[in-house]
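Colleague: Sequence:
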Amino acid sequence: MSFSEKILLWYQKNKRPLPWRKTTNPYNIWLSEIMLQQTRIAQGLPYYKKFVEEFPTVEALAASSEERILKLWQGLGYYSRARNMHATAKTIANDLGGRFPDNYADLIKLKGVGDYTASAIASICFGEPQPVVDGNVYRVLARYFAVDGPINSPKGTKYFKALAREVMHTGNIRDYNQGIMEFGALQCTPQKPNCQACPLKSGCAALQKGMVDKLPVKLKKQKIRKRFFNYLVIFDNEKNTLLEKRRGKGIWQNLYQFPLIECEKKVGPTEIRNKISEKELLEKVVSVTGFDDMPIVHKLSHQHLYTWFWRVDLGNALPEGIPWKRVPEFPVPVLIADFIKKVKF
DNA sequence: AAATCGGGGCC
DNA sequence: GGCCCAGATTT
Numbered sequence: 001m002s003f004s005e006k007i008l009l010w011y012q013k014n015k016r017p018l019p020w021r022k023t024t025n026p027y028n029i030w031l032s033e034i035m036l037q038q039t040r041i042a043q044g045l046p047y048y049k050k051f052v053e054e055f056p057t058v059e060a061l062a063a064s065s066e067e068r069i070l071k072l073w074q075g076l077g078y079y080s081r082a083r084n085m086h087a088t089a090k091t092i093a094n095d096l097g098g099r100f101p102d103n104y105a106d107l108i109k110l111k112g113v114g115d116y117t118a119s120a121i122a123s124i125c126f127g128e129p130q131p132v133v134d135g136n137v138y139r140v141l142a143r144y145f146a147v148d149g150p151i152n153s154p155k156g157t158k159y160f161k162a163l164a165r166e167v168m169h170t171g172n173i174r175d176y177n178q179g180i181m182e183f184g185a186l187q188c189t190p191q192k193p194n195c196q197a198c199p200l201k202s203g204c205a206a207l208q209k210g211m212v213d214k215l216p217v218k219l220k221k222q223k224i225r226k227r228f229f230n231y232l233v234i235f236d237n238e239k240n241t242l243l244e245k246r247r248g249k250g251i252w253q254n255l256y257q258f259p260l261i262e263c264e265k266k267v268g269p270t271e272i273r274n275k276i277s278e279k280e281l282l283e284k285v286v287s288v289t290g291f292d293d294m295p296i297v298h299k300l301s302h303q304h305l306y307t308w309f310w311r312v313d314l315g316n317a318l319p320e321g322i323p324w325k326r327v328p329e330f331p332v333p334v335l336i337a338d339f340i341k342k343v344k345f
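1 is the number of the first residue of the first sequence in UniProt numbering; add one for each residue after it.
If you are wondering where the hints come from, they were derived from the structure by calculation, not from laboratory data.
By construction, the Cβ of each residue, glycine as well, lies at the ideal position given by its N, Cα and C atoms.
Treat the hints with caution; some may be incorrect.
[To be verified] Ranges of calculated distance between the beta carbons of each label pair, as one might list FRET restraints: (1) Val217 to Glu278: 26 to 36 Å; (2) Lys266 to Thr24: 16 to 26 Å; (3) Ser202 to Pro154: 28 to 38 Å; (4) Arg311 to Gly97: 46 to 56 Å; (5) Glu5 to Cys263: 53 to 63 Å; (6) Glu320 to Thr24: 40 to 50 Å; (7) Lys50 to Asp95: 19 to 29 Å; (8) Lys284 to Thr39: 38 to 48 Å; (9) Lys223 to Cys195: 12 to 22 Å; (10) Lys13 to Ala205: 22 to 32 Å; (11) Cys263 to Leu300: 11 to 21 Å; (12) Asp95 to Lys223: 37 to 47 Å; (13) Pro154 to Glu54: 38 to 48 Å.
[As the list claims (entries may be wrong)] Below, a list of computed lysine-lysine pairs in the BS3-like style, where the Cα atoms sit at most 30 Å apart: (14) Lys161 to Lys226; (15) Lys226 to Lys344; (16) Lys71 to Lys50; (17) Lys71 to Lys161.
Work out the full structure, taking the sequences as your base and the hints as a guide.
Modeller: This is the structure we're talking about:
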């Protein structure tokens, strides 16, 4: 039996009953694929259900606001996916008559749809023989064929895409693509793969060479930037607070936060007061007090955010003040959401 | 070619 | 603390 036939057979016996496996509707498949980019199924699943519930069709998603979409997306990370998803929904609803492109070449033109996602939708929804290469596929192929070149160099990416194309099962690409990913997720796992009970062990080159735990090879690790955030949790004399929308290029684009003062190092209440008056952010500051002396350290994959929250009481009323009860309506980073959840006023 | 973009689970 | 996750986009 060939590699792909064994994958197919394993999948038929071991596949999990996931909601997006009950349909080949491209809207549902697209939604699930965008949400699962760099995201474990356990984490993405509740978000998929929420989105399908609130937006049953691409038209419903297109008609929604970005803010509402970001709110539902809150906690899932990589928020550009949500913004691109909204843009693509509008393209499909408004320019394409509500119909998804039905082939790889057209799918990959959509915002937020790259090689993997275009291949996944084209194969799962339309049966187009395009191989998917996600993190699972890299691992399965690197081990089975004992490929020790890096998977994340441009040459490596091309090599694995070509290898995946060579070995794919064109007769049932729909199940094969999902099968090889499921096999990587459940059987050929990153740590402690279940090689003893593996139906592919007789042909696995890495197993025969004792290299299973060395593969796949990945280049470089990114170094982590430290940043120092000071959030101003403001209360005016009507107990309203202030939120600002993050603009520009960096993390958390278009999400909300308390007014932020970023510094090069830890600072005290005096510096915070000075910064407030320098920027003429607020008038009539009555008091500035820290919630904690120790920072909350929020760890992203490429930044560590050392964060202090400051309570700032005002003697006047803010024209754009937001009642504390309405704060949970805004999409915010998990760092902010955790703080709001933790404190009681 | 390298950097950027989140958050959570596991060891 | 490091690694990984149904990757895409920007620089």
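Colleague: Which hint numbers does the structure go against, in order from smallest to largest?
Modeller: 1, 2, 9, 14 and 17
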